[in-house]
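First to last, the protein sequences are chains A and B.
Numbering follows our numbering, with no gaps: position 79 of the first sequence is 79.
Numbering follows our numbering, with no gaps: position 85 of the second sequence is 85.
Worth flagging that the hints you see were computed from the coordinates, not collected in a lab.
You may find that some hints are simply not true.
Computed Cβ-Cβ distance ranges for the label pairs, DEER-style [as the list claims (entries may be wrong)]:
| id | chain 1 | residue 1 | chain 2 | residue 2 | range |
| --- | --- | --- | --- | --- | --- |
| 1 | B | Gly36 | A | Ser114 | 57 to 63 Å |
| 2 | A | Val144 | B | His147 | 15 to 21 Å |
| 3 | B | Ile72 | A | Gly16 | 44 to 50 Å |
| 4 | B | Arg18 | A | Arg122 | 31 to 37 Å |
| 5 | A | Gln29 | B | Glu310 | 45 to 51 Å |
| 6 | A | Lys9 | B | Ile72 | 54 to 60 Å |
| 7 | A | Asp113 | B | Thr180 | 23 to 29 Å |
| 8 | B | Glu41 | A | Val112 | 57 to 63 Å |
| 9 | A | Glu116 | B | Pro273 | 48 to 54 Å |
| 10 | B | Asp117 | A | Lys9 | 27 to 33 Å |
| 11 | B | Ile252 | A | Glu116 | 35 to 41 Å |
| 12 | A | Asp113 | B | Asp117 | 41 to 47 Å |
| 13 | B | Ser69 | A | Val112 | 57 to 63 Å |
Glycine included, each C-beta is placed from N, C-alpha and C at the ideal position.
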Amino acid sequence: MGDETAAGKLLPVNEGLVTGTDNEPRDVQLLGSKCDRCGEVSLGANAVCLNCGSDRITGIRLAPEGELWTYTVIRHRPPGGYLGPDPFEPFAIGLVELPDGIRVMAPLAGDVDSFEIGCRLRLEPWILQSRDGPAYRAFRFAAVAG
Amino acid sequence: MPDSDIVILGTGIHPFGRFDKTPEDLGVHAARQALGEAGLEWSDIQAAYLTRMYLPATSGARILRRLGSSDISIVDIEAACASGGAGLRQAVLAIRSGEVDTALVLGVEKMPRGFMDPSMIYADWQVRMGLSMNPAYWSMRARRHMHEFGTTEEQIARVAWKNHRNSVENPNAMYRKAFTMEQILASKPVCDPIRLLEICAPNDGAAAVVVTTARRARQLGGEPVAIEACAHTVARYSADFRCPADSMSATISNPGPTRVTSQKAYEQAGCGPDDIDCFEVQDTDAFCEIEICEQLGLCERGEGGPMAEEGHTEIGGRCPVNMSGGLISKGEPVGASHLGQVVEIVSQLRGRSGARQVEGARVGLAHVLGAGGNCAVTILAA
Ligand SMILES: [Zn+2]
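Use the sequences and the hints to build the structure in full.
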C-alpha cells in the first residue's frame, strides 16, 4: 500500500536533507546546518549543533563538488528496504569531502573499479522508486568529467 | 590482593554458535557455570545485570527466574557491542558503593540470521540508499588506513589467519578451522578490501561472571581475579565514523573511543599497555584489530599492519591478541561478546588455557567497540 497523497510525487528521501521540487527533480542540493557559535557544519537541517550543542544554527546548501576521502564496494544486496537497481548490481559508497568542512557518506555512480582516494566527484540526483509507494529524490556522487 | 579489591570469582560460558535453544537455555547454562565456579548459589547474588542488544525488554528477569525466585534488582543493559562492559561496570560500581557485595553479570544474545535488521541502527533514508551495510563502514576505515600508512591486504589477512588458527584450540568458538593465507586472500570480498574470511558473523551465545569483593572471595576460597579497571564511553563528535554515521567533520578530529576508553582504564589500573600480557579485542573485521592495537598503544599509529605481519600479536609474540580466536572465529553474540572475552582473560590469568595459554600471563585486557562509538575496556590481574 503506497501513500496516496504521494502518488506520482517525488518525495525527498529524508525531510531536510535535499533540495529540489517535483518540477525540477534534477535540481538536487544537499542541505546543511552551520553553527553560529563554533562554525561546525553538519549534514541536513538540524536544530542543534552536534559539536557544541548550540541552537543558533544557519541553514545552508552544501557545495556540490568534492574529493573522495575513502570508499568501499557493496558486493551484496543491502538488507531491508534498499531501493537501488533490481536485480542487484554492486556499487561503491564513500565519504566525499566537501569544501564546507564536512565529509558526506553517499553512494557513488559508475564503475566500481574506477574510484580512488582523492578523485573529484560531483553531486547528482538519484531517483529511487519504491515498489508500491512513492518515488524518492535521493543523491549520489559521480566522477567529474575530465 | 587488598580486601577493597573487586574480583571475578566465577566465570561461565555457553559456546558461541547457532543453536536451537532459547535465550533462557543459553543464559541459565552460563549463569549456573559461573555460580558453580564461585562456589555460590543464586540466592547469594544481591544484584544482577543482563547485557544484551537484540533480546526483548526485561530479558534479565525472564532468564534469571529460571534459577529460582528472588527479589533482587535485575536490570537489562544495552550499549551495542559494548553492552557486556557497560554491565560489568555497573556491577563494579554497585559493589564499590557498599550496597551489595556479590553480583552476577550475564550476557546473552540470540541473533537474527544473516545481516542484522538495519532499521535497528540506521535511518530509513540510509536504508533506501544502500548505506546500511555494517561491513562497509569497517571497510572504509581499512581503505583509508591503507592509503595513509601503506597497510596491505596481506597484513589484514594475517590477522584473520592468526585468529582462525587460535580458535582451533578453543572449544567455545564457532568455526575452529584454520585457513591458509591463500584461502583467506581468495575468499570473496564482502565490502572491498574486506573479505568473507576476515569478518565476524552474528550468532548466539552467553557468558557470565560472578563479581564480589576480595574479602568475600578470601572467605569463599577459589581463584579470584582482580578487576583493575572497567571503563565504558561513547565516542565524541567526529571521533569516529563507525556505523550509522551519515557524515563526519573534516575540520575537527577528536581522539577515537578506543584511545579515550583505554586511557581511562590504564589510569584506573595504574598501568600501561607494556604492563599487559594478553589482549582480547574487537575484531569485527580483521582490519579492526590492526587499528585497535594502535589505539590501545601496543604500537605507533600506522604500525599495526607490520606488527601483525611480523607475528608480534600471536601467542608467543610480544603482545598476544585474541588468543581465543577473536570474534572472527567465535562469532559475535553482541550482548555476550565482552563477557566472553573476560572469561578468556580470566582463564589465561589462571593458567588454564591449555594449548592457547600465554606463558606466565598476569595481567590481561578485554576491549569491545561498536555502533555509535560504544567502547568498553576491562583490565584484569591475577
Ligand atoms: Zn557548534
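Going through the hints against the structure:
no. : hint                            : in the structure
1   : B:Gly36 x A:Ser114: 57 to 63 Å  : 59 Å, holds
2   : A:Val144 x B:His147: 15 to 21 Å : 20 Å, holds
3   : B:Ile72 x A:Gly16: 44 to 50 Å   : 46 Å, holds
4   : B:Arg18 x A:Arg122: 31 to 37 Å  : 45 Å, violated
5   : A:Gln29 x B:Glu310: 45 to 51 Å  : 49 Å, holds
6   : A:Lys9 x B:Ile72: 54 to 60 Å    : 56 Å, holds
7   : A:Asp113 x B:Thr180: 23 to 29 Å : 27 Å, holds
8   : B:Glu41 x A:Val112: 57 to 63 Å  : 59 Å, holds
9   : A:Glu116 x B:Pro273: 48 to 54 Å : 35 Å, violated
10  : B:Asp117 x A:Lys9: 27 to 33 Å   : 28 Å, holds
11  : B:Ile252 x A:Glu116: 35 to 41 Å : 26 Å, violated
12  : A:Asp113 x B:Asp117: 41 to 47 Å : 31 Å, violated
13  : B:Ser69 x A:Val112: 57 to 63 Å  : 59 Å, holds
Comparing the model with each numbered hint stated earlier shows that hints 4, 9, 11 and 12 do not hold.
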